[in-house]
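Student: Here are the chains, one letter per residue:
Number of protein chains: 4
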Amino acid sequence: MSTFGSLFRVTTYGESHCASVGAIIDGCPPGLELSPQDIQVQLSRRRPGQSNLTTPRDEKDLVHVQSGIEQGVTLGTPIGILVKNEDQRPKDYSETDLYPRPSHADYTYLEKYGVKASSGGGRSSARETIGRVAAGAIAEKYLKQVFGIEIVAFVSSVGKIHLPSNVAPVAVDGDEDSDDVADALTPEFRELLATITREEVDKHPTRCPHLETAERMTKRIIRAKDSMDSIGGTVTCVIRNVPSGLGEPVFDKFEAKLAQAMMSIPATKAFEVGSGFKGTEVPGSKHNDAFVVKDGKLGTTTNWSGGIQGGITNGEDIYFRIGFKSPATISQAQHTAQYDGTPGTLAARGRHDPCVVPRAVPIVETMAAIVVMDQLLIQNARKAAAGLLPPITTLPPTMVMPSH
Amino acid sequence: MSTFGSLFRVTTYGESHCASVGAIIDGCPPGLELSPQDIQVQLSRRRPGQSNLTTPRDEKDLVHVQSGIEQGVTLGTPIGILVKNEDQRPKDYSETDLYPRPSHADYTYLEKYGVKASSGGGRSSARETIGRVAAGAIAEKYLKQVFGIEIVAFVSSVGKIHLPSNVAPVAVDGDEDSDDVADALTPEFRELLATITREEVDKHPTRCPHLETAERMTKRIIRAKDSMDSIGGTVTCVIRNVPSGLGEPVFDKFEAKLAQAMMSIPATKAFEVGSGFKGTEVPGSKHNDAFVVKDGKLGTTTNWSGGIQGGITNGEDIYFRIGFKSPATISQAQHTAQYDGTPGTLAARGRHDPCVVPRAVPIVETMAAIVVMDQLLIQNARKAAAGLLPPITTLPPTMVMPSH
Amino acid sequence: MSTFGSLFRVTTYGESHCASVGAIIDGCPPGLELSPQDIQVQLSRRRPGQSNLTTPRDEKDLVHVQSGIEQGVTLGTPIGILVKNEDQRPKDYSETDLYPRPSHADYTYLEKYGVKASSGGGRSSARETIGRVAAGAIAEKYLKQVFGIEIVAFVSSVGKIHLPSNVAPVAVDGDEDSDDVADALTPEFRELLATITREEVDKHPTRCPHLETAERMTKRIIRAKDSMDSIGGTVTCVIRNVPSGLGEPVFDKFEAKLAQAMMSIPATKAFEVGSGFKGTEVPGSKHNDAFVVKDGKLGTTTNWSGGIQGGITNGEDIYFRIGFKSPATISQAQHTAQYDGTPGTLAARGRHDPCVVPRAVPIVETMAAIVVMDQLLIQNARKAAAGLLPPITTLPPTMVMPSH
Amino acid sequence: MSTFGSLFRVTTYGESHCASVGAIIDGCPPGLELSPQDIQVQLSRRRPGQSNLTTPRDEKDLVHVQSGIEQGVTLGTPIGILVKNEDQRPKDYSETDLYPRPSHADYTYLEKYGVKASSGGGRSSARETIGRVAAGAIAEKYLKQVFGIEIVAFVSSVGKIHLPSNVAPVAVDGDEDSDDVADALTPEFRELLATITREEVDKHPTRCPHLETAERMTKRIIRAKDSMDSIGGTVTCVIRNVPSGLGEPVFDKFEAKLAQAMMSIPATKAFEVGSGFKGTEVPGSKHNDAFVVKDGKLGTTTNWSGGIQGGITNGEDIYFRIGFKSPATISQAQHTAQYDGTPGTLAARGRHDPCVVPRAVPIVETMAAIVVMDQLLIQNARKAAAGLLPPITTLPPTMVMPSH
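Heads up: the sequence lines are chains A, B, C and D, in that order.
Just so you know, we're using the numbering used here here: the first sequence kicks off at 1 and counts up by one.
Just so you know, we're using the numbering used here here: the second sequence kicks off at 1 and counts up by one.
Just so you know, we're using the numbering used here here: the third sequence kicks off at 1 and counts up by one.
Just so you know, we're using the numbering used here here: the fourth sequence kicks off at 1 and counts up by one.
Any given hint could turn out to be false.
Since copy identity is lost for identical chains, a pair holds within one copy or between any two.
[To be verified] Below 25 Å or equal to it, Euclidean Cα-Cα: the simulated SDA-like pairs (lysine to any residue) are:
1. 297 - 345
2. 294 - 195
3. 225 - 290
4. 294 - 50
5. 60 - 20
6. 294 - 34
7. 297 - 165
8. 225 - 297
9. 144 - 394
10. 286 - 342
11. 84 - 225
12. 141 - 41
13. 225 - 302
14. 84 - 20
15. 141 - 388
16. 294 - 6
17. 60 - 212
18. 84 - 64
Rather than coming from a laboratory, the hints here were simulated on the basis of the structure.
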């Protein structure tokens, strides 16, 4: 349904052509300095109309905070926010009166609800993500301030244009019959994960931090736009400085909730964490991350695990990649069928993104922030409770965490 | 935590060296004929010791039903089940007293809980999955009987040994600068999805349905075993005959819950549905699934979507792929560090699977069944409620589902 | 937290002096004709300023629907609603800068959150209930239209002024050493439960349907008002025409969720269902509700159970009673202490209800509607699932529900 | 359904005539010393056969811990427990093959599930409570050890035999037309709440701590037993030393979750906290609890609130009262109807409690412990998160909690 999270919890409403879209964010720690601008910054990164690569639908997407904050400080009570739908042009969608758009949600929404919004796919609109982004922006503010947690996403591919293999998240190769593998995690890639910033990402409209690749991506998107077509891509995200111990086995493991969060974003078809699919080709002896002391506590020499082991964070960088399909709504004519089965040709009008991945970047970041925040609060509860117990003296020392 | 599902809900307990592992399955429809054997069949497919490709740990894994069933019929009340831990050899794990196993959960469990089970990784043991498998076996019984839903998983790769591209789930290729793509969904692959059965899958110990590939996988696994190493792989799963309309936007979309379910299985690192990562390279004009009438209702000519659009099932086959990393526990010596940071060499004894994917097959199937069952019940509730309302007469016919 | 319900789910935000209060209602059946006026009617019954018995704070409390409804029909997606806070006078509360109001939530909110709203008790304001009332009004529309369910609450006592014993919900008496009991459920009382309407309840500003008692209640409230004091009371509520089978043992029994719902309303201190506390004095032989055929199915001759047995509705009228304490905010001087412990005297200004029970009537009704709606959807899911199974033939007929 | 709690979470299974009853307790803090005996002590207080006042069904009710504890210390992972059903005599219930027992759950279970257990009311059996009691006993261990929290329940009435008014939880009286009220909270009653122990409660088989009243209660129960009848009663419970700040507005207020917990216990019909129903008759000026400094922090001079204000604990004793109806199963002949509507006479055999309140005492205590534990963990999470933020300097000091 439309609620996510247990202690840090967001509930959203709204489709593209109603009065507003919004969210209620429950469980924000009290006493956090928070201004509308803290929320706006990610909404503005998400909104359309930022470059010639995205939909020309121009909306200011100004956030209106309704509750939960007084004089710039959170009260700990639910934060209501809303963003008005100002630039509505429902007429644009009139073709969809007869045709369910192929690979869009028009048909399935009707199958599910028996009735559909005039805009067609109802809540499958990217506009639905505004509430999530607002919630995640609040989580980010806390995580950054208290733990120095940094969440940075960037575009790692558009169509067949990928980051070069030395900075790609996964690039294992080698002879099928040997165990030789190229190092999927090159020093360059680990350096990228360790240092990339949102400012660098935003330097190019594609949000790809490798400029030469970014230029090729731009051409690819323009080509899709010019041919009234669309193209997909992938977003890679890193979360730095997450404390160890987050994630709730067995069903709410860190990567499981992260996967749910990411796969709930419109147009996502794939998710991988750490070495991902390619890592399955690497034998354990090469894939295991050996332990080593770093800054006085255990860390790992490599990080194929992507910062998560056994569903629990280990303190290393968490990185993951999400696949976004090519947008279903294209202006090119498509042979398909009407709701009643009559074959025919549909050419959608309206304003559409030829490629969603640049705008998906802040959505991925903020959904990641919500997951981290929620898991952090749950682990906080456990640690605070356990910390009040006397030291365990009846177990062998090897079963108990050394004080550190 | 250890509960999954909202209306069909499983809660599990147990680690590898305690008295038993088990589960409480709440929300099973009453009046279902159900015998322990219905549950046992998947537990037996999951258990170790089935071939020389898996761990020699030999456990009967007999299910003991505690409640919720009388005279072979479900009562609708919680079904308690347990499987005793009979073949415990805690001593095997003594090396782990000093060393956290690299890429295993020993370290993170200790970071999370401050105390760890003598077996090391606690609930990260594959033995934890018994409760899920039992729950899913119950769901499968219902889904098969009432809807003819068939869930079949199979091994699609081991290390670099993949199914041949004509029957692989994703194999897009072609010139980077053109929109030409090989058809990722060959007729052969769609035929495989449409017809594959568990009996065929089980014919080979690898659970790969393509025998020539299966033989190469066997060699790869034996090689890992012989070198005291391990190897990963992927499992592909198809769900047939799922009604349209399942999935709860926006956070509990069908693929989002499926992703959470799959990524909660031990050793998983990646998930993709439908055309997945490769599909992101295909332009919308080729990726969109055109509608066509099939058996009197709308279906699609292709199925890049994997049976899900806008987070809701559309009635086509649902297929997805999961990546399992190489098992972390290997007998080969590994240079790493002890809990206290002292560098050293660890060589794990104990019995370990060199490759988990063959045994993962029933786990994937049963977790999928739990997701389908839960979403089905939720959609049932909505449909039943909406079905009691009078027909909508005030909306334009294009906004309302035609009677069918 | 601020979310209630599993399939029909309301999440609320807002305190008394922020921009607005509102709610997101998720899970409303699609295809329901619903206008803002359907929601407004209960909001207007709840709002202050309706008579000289309530706070003069005059707010229009106009509902603004944001989403989930198009052309007067629900889409099945979340319905966002908000009501603006127009008549704010934060200055009135300045005394509370130094003093936590006795028996109000000022102190506990500060203990909980470490920071408090300028209005003091934050979400403990009665204004918080607007979101619930809107949600419940939507549920009521559905329940009334489809099942003919009627939910009517009324004031059954103000201070020591109670409904006369022949129409009181509980009035058991008699000799302590005998089992003789006056019938707590007089024909008059059952008749009242069976026939009372909101129109009748609203005829008198006290919302007590027994006019002579209502007049005495009025005097009691005026006396409290004139003496700058306050007074409590009870509300009795009946739910008619609820299908049998609702309620989810063991923790979500019908009365358990009803109790949670009612005890979450501000100022509530007590809840009882059916014969309640007084019924505990009646021996089983007199308290048991014998079965009898009514309208072709089983009903009961008496209804001490209040329509619920074993946590599940039995089709009889559900009735329950809630105790509301005297409002904590009074203008009379009170000897108490400041936040820092300094003893002193507090005389609250501001506009306060001398008695909340008349305005509590629609809040009780709507919370009841939310509980019924949620439980109905869950039971719908089960029934729909079980109804698709073949008839049970292997059990003795006495274990299976006869077709009816 | 059969799960309660969010961070400290219990899920139960089992009815009276299946193999076992049990529970999974998830979220227990790791590092707690816990033995089966810690759990057994409350199970033994709950079990039947303790005196001639309870059912002769004699069961040892020995707890078998399955997981989550090693060498006497909790691991933080789910604790599985079960208790075997040893003394089953299903034949005793054969009358119920034709007759639904009046006011029992036979009929409603059949209406809900369409099939029923041979024992009739399925999970409405008191035997279901074993899982809760085990879970609560674990919570109690933690709460007692870390916070010194004491939870003591006792029988406050049986039939019309009540504790004398000076030690009764509620006994307000006086002239209807004046505001004079006897003090409902006498010094004697507050002293009882402050000092009562389980040892004192257990001195008498009725578990009423006032011996003269206890003797009269005994006679009342014996009379019910001798006349093949049953009788109800009330249990009062106090929770001491609960930290301030627990409870999650607005739907999970402390008293709301407490009410749900208590009203989910079989046979409960009423719940009140603090001054309860009688308190509604007391004007605010007398009912408000004035603040005063106690032990260096704010406390209240009186405690009509029952330790909860605005849904949040204030640090004072929490006390509440629950009404249990007379058991529905009696051996006396009852005129009623069969499932098929045929009128007739039912005389239940089997072993039944003539009065459940003495055995309900540990059930009330342990359910209270579960609520406190869950709310404590949630508030811990918030406090830990807020505590890491810098001090709030931008708000007026009156809006911020003074350091203490």
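Student: Of all the hints numbered above, which does this structure not satisfy? Sort the numbers upward.
Tutor: Of the numbered hints given earlier, those the structure breaks are 4, 6, 7, 8, 11, 16 and 17, listed in rising order.
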